[in-house]
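Visitor: Residue numbers (our numbering), protein chains in the order written: chain C, 1 to 430; chain F, 1 to 430.
Misleading hints may appear alongside valid ones.
Claimed, not checked - Using 20 Å as the maximum straight-line C-alpha spacing, the simulated DMTMM-like pairs for lysine to aspartate or glutamate come out as follows:
| hint | chain 1 | residue 1 | chain 2 | residue 2 |
| --- | --- | --- | --- | --- |
| 1 | F | LYS31 | C | ASP349 |
| 2 | F | LYS30 | F | ASP147 |
| 3 | F | LYS350 | C | ASP349 |
| 4 | C | LYS274 | C | ASP333 |
| 5 | C | LYS350 | F | ASP349 |
| 6 | C | LYS97 | F | ASP349 |
| 7 | C | LYS72 | C | GLU112 |
| 8 | C | LYS97 | F | ASP135 |
| 9 | C | LYS31 | F | GLU385 |
| 10 | C | LYS97 | C | ASP107 |
| 11 | C | LYS350 | C | ASP333 |
| 12 | C | LYS31 | F | ASP333 |
| 13 | F | LYS97 | C | ASP349 |
| 14 | C | LYS409 | C | ASP398 |
| 15 | F | LYS31 | C | GLU379 |
| 16 | F | LYS97 | C | GLU379 |
Simulated from the structure, these hints should not be mistaken for laboratory data.
Number of protein chains: 2
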Amino acid sequence: MSSKTRFIQALAQDTLPRAFRVGATHSGVKKNGALDLGILHSTTARCTSAASFTQNVFKAAPVVWSSEVLQKGNGTAKALIVNSGCANAVTGQQGLKDAQTMSAGVDEMLKEKDSTLVMSTGVIGQLLPIKKITDSIAPLFNATKEDGESWMSLAKAFMTTDTFPKLRAKTLSLPSGRNVRVAGIDKGAGMIHPHMGPPSSIPRLPHGTLLGVIATDAPVASADLQSVLDHAVDRSFNSISVDGDMSTNDTILAFANGAEGGSQLTGEDLASFKSQLTDFAIELAQLVVRDGEGATKFVTVNVENAPSYAVAQVVARTVATSSLVKTALYGQDANWGRILCAVGYAPLDKPSPINPSKVTVKFRPTDGSPDIALLTNGEPEQVDEARAAEVLKLEDLDIRIDLGQGTEKAQYWTCDLSHEYVTINGDYRS
Amino acid sequence: MSSKTRFIQALAQDTLPRAFRVGATHSGVKKNGALDLGILHSTTARCTSAASFTQNVFKAAPVVWSSEVLQKGNGTAKALIVNSGCANAVTGQQGLKDAQTMSAGVDEMLKEKDSTLVMSTGVIGQLLPIKKITDSIAPLFNATKEDGESWMSLAKAFMTTDTFPKLRAKTLSLPSGRNVRVAGIDKGAGMIHPHMGPPSSIPRLPHGTLLGVIATDAPVASADLQSVLDHAVDRSFNSISVDGDMSTNDTILAFANGAEGGSQLTGEDLASFKSQLTDFAIELAQLVVRDGEGATKFVTVNVENAPSYAVAQVVARTVATSSLVKTALYGQDANWGRILCAVGYAPLDKPSPINPSKVTVKFRPTDGSPDIALLTNGEPEQVDEARAAEVLKLEDLDIRIDLGQGTEKAQYWTCDLSHEYVTINGDYRS
């Protein structure tokens, strides 16, 4: 993945959600002069909001504060302030005060109360240079605009070790014939293995900073927006992993300002919105894996014919997070034994729902050529090593694991584990 | 850890357990001419045995077969045959037949039935060159000896990516005044995160090939030997991690042949034997971490003042297996925020027994200088970065995590995650 900038997409102006003003500036949190502070706000009178936060016990100050703002406002926050360079995590009482100060600064510009959510990303355990931030709020707020260039600047203000800004926008056509627009930004390259949202029934290796914001001009009731976001996050951001570490700051926010102008989404329109927003979230989540620290491969792990979605998801995740699988893929080594081994230690209930003699594993070449069978019903295949080596040279890899007992399936996206990952993370702060 | 050969210890002849004959040869499993086949057997008429096997669903053929032998013989196996270079894992029916053939080959030399356990380590998913092995059994068996040199050869036959043979021997003094001798061999450098033995009440990230054998001339009843081994494995081999992958082959075996000559151990002698054998197992387990693939640091994670041993163990393990913590230690970066972050995502019951405002984290310098406080009761300390950088240059690191609520504690041993790890695992088969 040498030229990751090819994942930057030009935006068609008419796909941007209406009545959101955005912008970014360099406030001084980052030492290198890069954009490090951004604001997004809806110019409509009313806006609904929803959030999915990290389940880490050590919740960063912006997570604690945003959670409070959302509750107080009952899901009607209309603005976001975000900084990169410092995560404001494990910063004690002063950190919480700083998050509150950031939030209040934008509230003041909006002339509203409890309306601004906060996100921070960067180094853990250091205090924000809060004066630099507060001095920047008014000029930044006054310079926010609705155009694509401003959205791109905002996306850049989210970046830490990211090598490209992650921004997508799309028009969603609903069954009734209405069109709504959605834009999304996310960031993340390491410490990615989110576990967000309400306690799920799926047992997890809870472990990633991933920040994201999705803004739509669809009119969506705040409870519906939360339910749509939970569904989407589980199948997108909670189904990716770069390194198996769950951050103190992971947060995905959604804003729906209704500027499309119609009545609140219900019935088929709402169901379609939920499904399309999930696909949009998957696209955003995949960008994070594309930019995985040091990643040279984009790997999709498909688990099929499982007894339940939960079993499928746990098996997919266990394979996707195995260091030995990830280093083998980096080395373009068809060491499928490591894949099997990971399937075998997936943390499932006892007795295990997996029957080794029913498990089939294949590589599905992303160049469209026929599948390469590795194991069929528990028995190893004679693998054409030359062909396997060719397929493993491809940037995009697809591992198919058929459990042979059930009809449920799950997908998980991950990257390989490279020398560059170690370089990036062995020397992050300097 | 440039000169890992310094972990090789010379053996005093009189510490070797009596009446065990051992030896190794190059049979041809490995292509490079190195020792790849070993045999250990007791020359006493009776011998007890115990085992702790991997919990991976895909159990390798030697694990399946050894388990059966132990059951049939009711814990009276007296011999071991081990090969390196090929794990005989995920090899279907032929694999199982091959494991059985190896076992039967030694049984024939012993003129016994169901008396030989089998271990294999190496690449997964390839069949053993079984003819080469069977051809080697009789000459190897006939060449086995009781001396230290033969023990060292046997230890070498266990090696795969190991950079040094792992062998220890010790005389244990029991309260009654009796002396018994114990020798142990283990191997492992990658795919190390064992979870063996009977289902434990401790929730685990079940994930490592680790092989080990402990032989003693103490007379121990087979049920007692199993109970001693379970206790020891939980606090030693199950408390180490190199890369978080649990192998299909992990096995620790114990043989007690009673050649010391006294009556079976009971009471205080048995309790003391259990405690001393646990310490011996910890020493063996630590050698694996010392030889962790690419490791440059030996890290002890101590969790103290926890509400239970289980909570302490899970927290220690979660910190010890975090890729971000391990890369930071490799980079000699006092990024303690990553330690905190990992404590925060330890997979514990909800509501979490961890109270962030009671957590204290320190580095305890292994040069004997005063502790470096990183976080006290949830509030970050002003860290002397220059001092921290000095301490992080030491090869041995000690992380102390005080949960501040309870009296239980646990230890976990791990290594850093380096460029070399990726190199070794990205290109293992070639």
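Visitor: What are the numbers of the hints that this structure violates, sorted from low to high?
Guide: 1, 2, 4, 6, 8, 11, 13, 15
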